[in-house]
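Undergrad: So the sequence lines, in the order shown, correspond to chains F and S. When we follow the numbering used here, the leftmost residue of the first sequence carries the number 1, and every step to the right adds one. When we follow the numbering used here, the leftmost residue of the second sequence carries the number 1, and every step to the right adds one.
FYI, nobody ran anything at the bench for these hints, they're computed from the structure. For clarity, every value in this text was computed on a predicted model and none was experimentally measured. No residue lacks a Cβ here, since even glycine has one placed at the ideal position from N, Cα and C. Among the clues, some could well be false.
Said to hold, decoys possible - For each label pair, taking beta carbons as the anchor points, the in silico distance ranges come out as:
{"no.": "1", "chain 1": "F", "residue 1": "E18", "chain 2": "S", "residue 2": "Q383", "range": "39 to 45 Å"}
{"no.": "2", "chain 1": "F", "residue 1": "E18", "chain 2": "S", "residue 2": "L270", "range": "54 to 60 Å"}
{"no.": "3", "chain 1": "S", "residue 1": "K15", "chain 2": "F", "residue 2": "D24", "range": "17 to 23 Å"}
{"no.": "4", "chain 1": "F", "residue 1": "T163", "chain 2": "S", "residue 2": "V27", "range": "51 to 57 Å"}
{"no.": "5", "chain 1": "S", "residue 1": "I19", "chain 2": "F", "residue 2": "P204", "range": "47 to 53 Å"}
{"no.": "6", "chain 1": "S", "residue 1": "V27", "chain 2": "F", "residue 2": "R188", "range": "53 to 59 Å"}
{"no.": "7", "chain 1": "S", "residue 1": "I19", "chain 2": "F", "residue 2": "G43", "range": "40 to 46 Å"}
{"no.": "8", "chain 1": "S", "residue 1": "Q386", "chain 2": "F", "residue 2": "T184", "range": "37 to 43 Å"}
{"no.": "9", "chain 1": "F", "residue 1": "T184", "chain 2": "S", "residue 2": "I19", "range": "42 to 48 Å"}
{"no.": "10", "chain 1": "S", "residue 1": "R388", "chain 2": "F", "residue 2": "S42", "range": "20 to 26 Å"}
To be verified - Listed next, the stretches of chain S that the computed footprint assigns to chain F, with coverage defined by at least 3 CB atoms under 8 Å from CB atoms of chain F:
{"no.": "11", "stretch": "4 to 15"}
{"no.": "12", "stretch": "309 to 322"}
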Amino acid sequence: MALVEVKNVRKTYRREAEELTVLDGLSLEIAEGDFVALMGPSGSGKTTLLNLIGGVDQPSSGDVVVGGTNLTGLRGKQLARWRARNIGYIFQLYNLIPVLTALQNVELPLLLVKMSGKERRDRARHALDIVGLEDRLKHFPRQLSGGQEQRVAIARAVVSDPTVLLADEPTGDLDRKAGADILTLLDRLNKEFKKTIVMVTHDPTAAERAHRRLHLDKGVLSNGPS
Amino acid sequence: MSLLSLVLVNLGRNKRRTILTALSVLVALFLFCALRGVLDTLEASIRVGSEARLVTRNAISLIFPLPLSYQERLLTVPGVRSVSYANWFGGRDPVDQSNFYAQFAVAENYLPIYASDIEIVAFDRPQVAGAVPPGVDPKLAAFMNERDACVVGERLFNRMKWKLGQTVPVSGTIFPGTWTFTVRAVYHAKNPAMNEEAMFFHWKYLSEKGMGGQGQVGWYVLELSDPGQAGAVTRAVDALYANSAAATHTETERAFQAGFVSMYGNVPFLIGVIGLAVVFAILLVAANTMMMATRERTAEFGVMKTLGFDDGTIFRLVLVEAAVITFGGGALGALLAKLVIEGSDFNAMGLLPPMTVRWATVLVGVAIAVVIGAASGLVPAWQASQRRIVDALRRVE
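Chain S with its partners taken away, still in its complex shape (with noise of 0.2 Å):
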């Protein structure tokens, strides 16, 4: 035996309750870990974002166009290396009207300038040999060349258990009508932070079919030869058209990204707020455990300390005893969000990317867990250390 193989046993004196409280741990430290991925996801969401990439939109509200015209404009702004531009499409499956997956309609140079962040991993070989825009992937031949052809992200691809040269319906709701795409290629995300379920078609099908060639546009996408001009660029461009009847709020890719997310509102706070909440009333009640566990022993303390033990000795028994429970359930709870949250792969339909609960995060729930067996600990121990023998003799005495 030793003073280790001590703690243990009197873990073991009372089973339910040694296993209730580390499952409460467990439970605390598990919806802590989950949670801050809530928040970890959200802050990646705006990573994803460049700085080296800004997004002009219609000053009043994204939600109203800008004209197709500002392009070439724009590429005559200092600083500016190349203009595209997309649309939010926001149609629906029609047979199940509740899975979702965002749709873009895209200029043709859009998906180059995301050349860094994505890589086409399948593709349709073109029926008909044609050229490829300079800049563009020579995987996409097959997409350029088709009118309604789309490219979509691996993990919608496989999700949807597509397979390419299949023609997808959506139903439009923002454009009426059914509509139809051609899976030419699937992309991969190489930045994990980057939506993997979206589907991106030809700007001009969408002109077209759904806006009668009026030549509007949701957002324009700048690329920067200079990120250290983003400032200057952003102020060049919204001054072009301040006094126009479509004047427009540019902003980097990365602001463009963290205003989705601040529509979340107090969202994220509150998020905090639980789970911090949670945490200390877990600490209440591995607190509570401990004084009982330690009260129960009382006249045992006295004993110990009659054969020899220590105040220390005894102080330390007690805290290494809270700490084993808050411990092991705690690294439990963080390793079981982990694995849990990550092996969900929910990404909101798309609209965020796949929830991650970060190594980090599991390391600050097992500390938070290791503070929370201290605390709870603490008092108990003193006591038991501080009580004198004889008192603590009396209590069966």
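Bound-form chain F, shown alone (with noise of 0.2 Å):
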């Protein structure tokens, strides 16, 4: 059985008068432990295809399902904890929090688990030691490069052990260096930790990390060149 399952996925938006049509009857599955890369043009819906599978937005019609739970049945409150236990979000820009130190940054989603101040700092230094910042603990946002910061990222997104990453062109805003590390550090945690990875990339050398490359155009989802 496949940990997601997006079931014939309709998804349009509303400009004043007209109706956008985002995504058109989609439908995926993705097996535990898999490695996505969701590649296509920009407006081509692979950002909205990743918020419905975290949980961020609902579909207009039809069903997304992670782990066995049916997303458009949640709302509110139980959404929320649902995303905080199962999913961790990389974005594009990183979206620290620029006033919180990198350990303070990646305690953050433990705010919401019931845990000692202690364990919290201990869970939080041990993602950091993951992606390699164990020195940078005390250092704020605006101190680290752009490759040390989607790095704290990544340990705040895997700090509370989630079942899935999405990573949204986790590093479109790096260097080829930089770049480069991010994408070996998502496949340690693939490999590793045994991470089901979804991947929004337009970087193809990016995509050749992932195990499978879905294309979406207007729309409409394709099996990419293996």
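From the two separate chains plus the hints, produce the assembled complex.
TA: Quick look at the structure:
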């Protein structure tokens, strides 16, 4: 059974009187432990699909089932709790909180879980250790390079040990070297820590790191060249 | 890190803005509590008057005198235990005309009527032993036996750095000439609302030197045997002189004092309105600040929600942030008002009791600060919590 099941999903947006169809009857299955790259031109619906899988947005019709939970049946607090437990999100622009240190940024998702302050700090330290930033705990985002910021963001995404990692153009704002390091890290998280990863990218080199590459164009999904 | 430390860290994000907002709330609550203090003080000046005493004055106005001959007849009114009288003197310090304090010429049984409100804390011994009238504090013996002696309030005594036995000159304004008084006793006000910046001297001295012995008094004070009879006594007294050349107007001492406060007209109302207007203005300032602070962080709230923070938690975080700023500033402002206003010891040259900011006023100030916090944070907190994640994230991406 697939970990992620997207069933006949349609997503439309209303812009004034006009209705825009972003995803049109899309279906997709992602197995546990898979590493999938979603490619396609801008506006093709890649981020929308990622948001639907992450429970950040709701489909206009159809079902999104992750780990046996149908997300279309969840609302508000339930959905927020589900996200906290099951999803790690990595943004293109890192989206770290600028007034928090690296350690505090990674601790942030753990504030939603009942645990002692020490336990929280230990887990955050461990996550930063995994991404190779054990010596940057007290640094603020402005004191880190882009690659280091993205590593902190990855540590924040994995600290609560989620089932699925969703990465939206994780190397889009990085130079080639830093981007390659991030991809190696994602590869390691997939292989060593068995994380299921769905990554949106424009970069064919980045997509090559994935087990499977899918192309999305005008809301329709197709298998890319393997 | 905890949710509270997250709030504190966010407050430190733009320190200048946080400090200025807290300061604006501080100033507003300081003003509010100080203005409430003025109102409280005005009210306290009414409370000094007793319901067990009546004041009889000329029906036309307080500035017109009454004949001294009324005293004996007033004593015959059922329910009246004793009758005393006084005149307003209204002199000035001959050296410093702006240095004003109240002076009263009083009958010898006047101070005993106020025995429960004042106590003699310093006094001279009489040079010649003499009898003290019944009911008069023996500590006032020197005062009673000397024509130009006076009793002064402790606060006035200290402010003027007088000494017992010192001769004090006063320039008369209603009764012209330079008058001299010898300080023979000092009183302390047991009732905090009682004026402690007044001078009391012998009515006889004023009558002989200033009024040519015409026997006129400013007002009578009637001590009642039963405060419950105040209404009946009032009517009886005024009926006695209804058709005379000097008709009387009798009222309780408290109502008499309230008459002075009513001379301020709408000032207390204006003070109250100004206080509320200041608070409302600051509410808008604080709300605007919180709106700006949350608008800047729209994307961050989107990120936090993506991480699993629910709408309620985001709502509470913003609300607590607003409350911490306004509560901190407000509580400090209210406490500062109490310290500064009471520390200044201002009493309008003795015309009012010393200015006070009651603890109840401080608490009201703190409560208002909390309400400002809640009100100013409500809209931004609601907006931050209700914005869809995808819309919030789109702010930067």
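Undergrad: Now tell me, hint by hint, if it's right for this structure.
TA: Structure-based check of each hint:
Hint check: F:E18 to S:Q383, Cβ distance near 26 Å, so the stated range 39 to 45 Å is violated. A hinted range of 54 to 60 Å for the beta carbons of F:E18 and S:L270 is consistent with their spacing of about 57 Å. For the pair S:K15 and F:D24, the supplied restraint of 17 to 23 Å is violated, since their beta-carbon distance comes to about 50 Å. Between F:T163 and S:V27 the CB atoms are about 53 Å apart, so this pair conforms to the stated range of 51 to 57 Å.
Between S:I19 and F:P204 the Cβ separation comes to about 51 Å, which falls inside the hinted range of 47 to 53 Å. Checked against the given bound of 53 to 59 Å, the beta carbons of S:V27 and F:R188, roughly 57 Å apart, stay inside it. Evaluation of the 40 to 46 Å hint for S:I19 and F:G43 yields a pass: the beta carbon distance comes to about 45 Å. Taking the beta carbon of each, S:Q386 and F:T184 are about 40 Å apart, inside 37 to 43 Å as hinted.
For the hinted restraint 42 to 48 Å between F:T184 and S:I19, the CB-CB distance of approximately 46 Å keeps it satisfied. Take S:R388 and F:S42: their Cβ atoms lie about 21 Å apart, and the range 20 to 26 Å holds. Figure legend: the stretch 4 to 15 of chain S, annotated as covered by chain F; annotation consistent (5 residues with Cβ-Cβ distances under 8 Å, at least 3 required). With 5 residues having a beta carbon nearer than 8 Å to a beta carbon of chain F, the stretch 309 to 322 of chain S meets the requirement of three or more and the stated coverage holds.
Taken one by one, the earlier hints fail for this structure at numbers 1 and 3, listed in ascending order.
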